[in-house]
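Enquirer: Below are the chains, spelled out letter by letter.
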Amino acid sequence: MIWLNQLVQGLMLGGYYALLACGLSFMFGVMRIINLAHGSLAVLSAYLLFLLADRYDIHPLLGLVAVVPAMALLGWVLHRLVLERSARAGALLPLLSTFGLATVLDNSMFQVFGADTRSLAPYIDSLSYDSWTLPGGVIVGQLSVLTFVVALALLGGLHLMLARTSLGRRIRAAAHDADTAQLVGVNARSVYAASTAIALTTVAIAGAFLAMRATFDPYTGPQQLIFAFEAVVIGGAGSLWGTLIGGIVLGVAQSLGAQVHSQGFLIAGHTTFLVVLLAREYATGSFRRWLRTLRLRAATP
Amino acid sequence: MNMPSRSTTVRVTRWTSTSIAAVSLIIAAQLLLALGPLFLSANVVDRLTTLFIYGILALMWNALAGYAGLLSVGQQAFFGLGAYAAVRLADFGVSPYLALLLAAAVVGVLSLPISAFMLKLRGGEFAIGMWVLAELLHLLVNLDNLIQGETGTSLIALQRYAADDRRAYTYWAALATMAVLAWLVFVMLRGKIGTAAQAIRDNEEAAGSVGVRVLASKRLIFVLSAFGCAAAGALWVASSITFQPKTYFSVQWTAYMIFMVLVGGIGTYEGPILGAVLFFTIETLFGATGVVYLIGLGATALLFALLLPRGIWGEVERRLGLQLLPVGYRLSDSAGDSPSTR
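Residue numbers (the working numbering), protein chains in the order written: chain A, 1 to 301; chain B, 1 to 342.
One should not assume that every hint holds.
As the list claims (entries may be wrong) - Each pair of labels, with its calculated beta carbon distance range:
| hint | chain 1 | residue 1 | chain 2 | residue 2 | range |
| --- | --- | --- | --- | --- | --- |
| 1 | B | T284 | A | L7 | 34 to 42 Å |
| 2 | A | M161 | B | D91 | 37 to 45 Å |
| 3 | A | Q263 | B | T242 | 18 to 26 Å |
| 4 | A | D54 | B | A206 | 51 to 59 Å |
| 5 | A | A70 | B | N145 | 42 to 50 Å |
| 6 | A | L134 | B | G149 | 45 to 53 Å |
| 7 | A | Y56 | B | Q159 | 29 to 37 Å |
| 8 | B | G287 | A | V275 | 35 to 43 Å |
| 9 | A | D54 | B | A163 | 14 to 22 Å |
| 10 | B | A162 | A | Q263 | 33 to 41 Å |
| 11 | A | A70 | B | V277 | 36 to 44 Å |
| 12 | B | L308 | A | M161 | 47 to 55 Å |
Treat the hints as calculated values from the structure; they're not laboratory data. Remember, predicted model here, so these are calculated numbers, not experimental data. Glycine included, every Cβ here is placed at the ideal spot set by N, Cα and C.
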């Protein structure tokens, strides 16, 4: 029974990872950029929500009304000032510039907010501990379920946006071939800036759930980046639904690992990630072909 | 390849009078530094040891990113593993200074199977894949009872030397490691590997299509870099005695390497050395300011990536055609005016 419980908890945790990772996956799919400041930006959103809750008594979910547009704007600026410029100078430079940005963000947050560990749990009333009991005695937290549902909604929303809207068409065109897209009147530059803004919208929401379900401090970002990246790669980057699968695989692995050994949570997660990478390279035959389809590719839904 | 115009003969040279002078000067400086512990104060010797270790890290990260195009955010894996292996070997009874060398060698050998699948990854995947590997190795090292989890342990075996002797030995070990690795990279870059690595960095597919042995060249540089970073980690534990896994496996080390190489000049030979000296100077001056110093480092790296991606030495090379350590080729016409660096 304990294993079933761990499985369900892992599944729920996977929902959070999918939520955290979808912005990273989206940006990679559209622009081939891996934003190493991804986790730090989620923590920034968490701090903004914390400020609103602590100073003005605003419920974190309500606070998102202000923080989401702010983060989207930040995304647009980030693209114009940093990503666009460094992407022009080669594939490796965005990694370097976003790593520098992450260092600046983490340490600035330390400077401004101090070393204290924070959480939004005290500001969401009973949502942080209310739960439902499933048949079989497995208990699931309402917040975990909400996280999972939000992840599904966000992924579904991104999918619909890409598939149905005019912006989605332009994003897909620019992701597929930016130069050709330019020829037929797509302004790749502003499409990319808009994509970064969209990605940071999801990052803002992920930050809210990070802070509601757990604690955070100024240096939480890099660890979150690693989790997000693992989910993205396990699921096959650029494919949005793959990110959901990747998140769940990671969450379940960590949850089962934690049951085996006190250090097992992280070890199992990292090992699963490396095994997937290894399998992707060395698997043979049809299994290999199937794994190949999970390879990094453009965001075609 | 530019065709020479008919009136001039083009000569291909490697050495110029400037570079001959520079290399002689460097050899003289290294010999002088070797005498350091005989006349420098204990504090200066310690600080210089730190500088040499930074130099090793910058050289190794640059070899990987600047020449093989492999940007790793996880070189702390080897730094930490080198320190751990040194502590482990010393605990087995190996003489501590021999343990440092052996530790680096063991990690170098270990990096071979690691390279087998990490090198299949490209770009960002490789970068963060290495980071995950570092995290995993950190956790695994914590499982060793000798280390006592995050509490860490010390390289107790070093206590058998008097403090002054130990300081001098560690200094010499660091200086020798840096000098040997620097000359090794120099010789490698001048040879076939250097040409191959730069071809790979510029365009991997094209390099492969003209017969460059892409994987073999990358693997060689990957293993060299692992060896060098492990040596740096082992030397660090020799100079600071304590081994705390969290400090050694911290991504901070990679942040330092990126800073040094990016500011100095990625993909140039002289750049990382200049970067290490600059980083060392900045740390000495502002290190005590803590967080503000770290914000400054991050911001500087960010600005260099955006505004001056070639780094300081890259700009010097481009504008003045100056190359102190000749790893490339120079074309000059017989009249001898304005040679261009290739």
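Enquirer: Against each hint, give a clear statement of whether it holds in the structure.
Expert: Hint check:
1. T284/B and L7/A have their C-beta atoms about 53 Å apart, which leaves the hinted 34 to 42 Å range violated.
2. Between M161/A and D91/B the C-beta distance comes to about 58 Å, which lies outside the given range of 37 to 45 Å.
3. Between Q263/A and T242/B the Cβ separation comes to about 22 Å, which falls inside the hinted range of 18 to 26 Å.
4. At about 56 Å, the beta-carbon gap between D54/A and A206/B stays in the expected band of 51 to 59 Å.
5. For A70/A paired with N145/B, a C-beta distance near 49 Å keeps the hint of 42 to 50 Å intact.
6. Roughly 36 Å separates the CB atoms of L134/A and G149/B, a value that falls outside the hinted 45 to 53 Å.
7. The hinted range of 29 to 37 Å is not satisfied by Y56/A and Q159/B, whose Cβ atoms lie roughly 57 Å apart.
8. Checked against the given bound of 35 to 43 Å, the beta carbons of G287/B and V275/A, roughly 40 Å apart, stay inside it.
9. The hinted window of 14 to 22 Å between D54/A and A163/B is violated, with their beta carbons roughly 50 Å apart.
10. Distance hint check for A162/B and Q263/A: the Cβ-Cβ separation is about 39 Å, which falls inside the suggested range of 33 to 41 Å.
11. Between A70/A and V277/B the C-beta distance comes to about 41 Å, which sits within the given range of 36 to 44 Å.
12. A beta carbon spacing of about 38 Å between L308/B and M161/A contradicts the range 47 to 55 Å that was offered as a hint.
Of the numbered hints listed earlier, those contradicted by the structure are 1, 2, 6, 7, 9 and 12.
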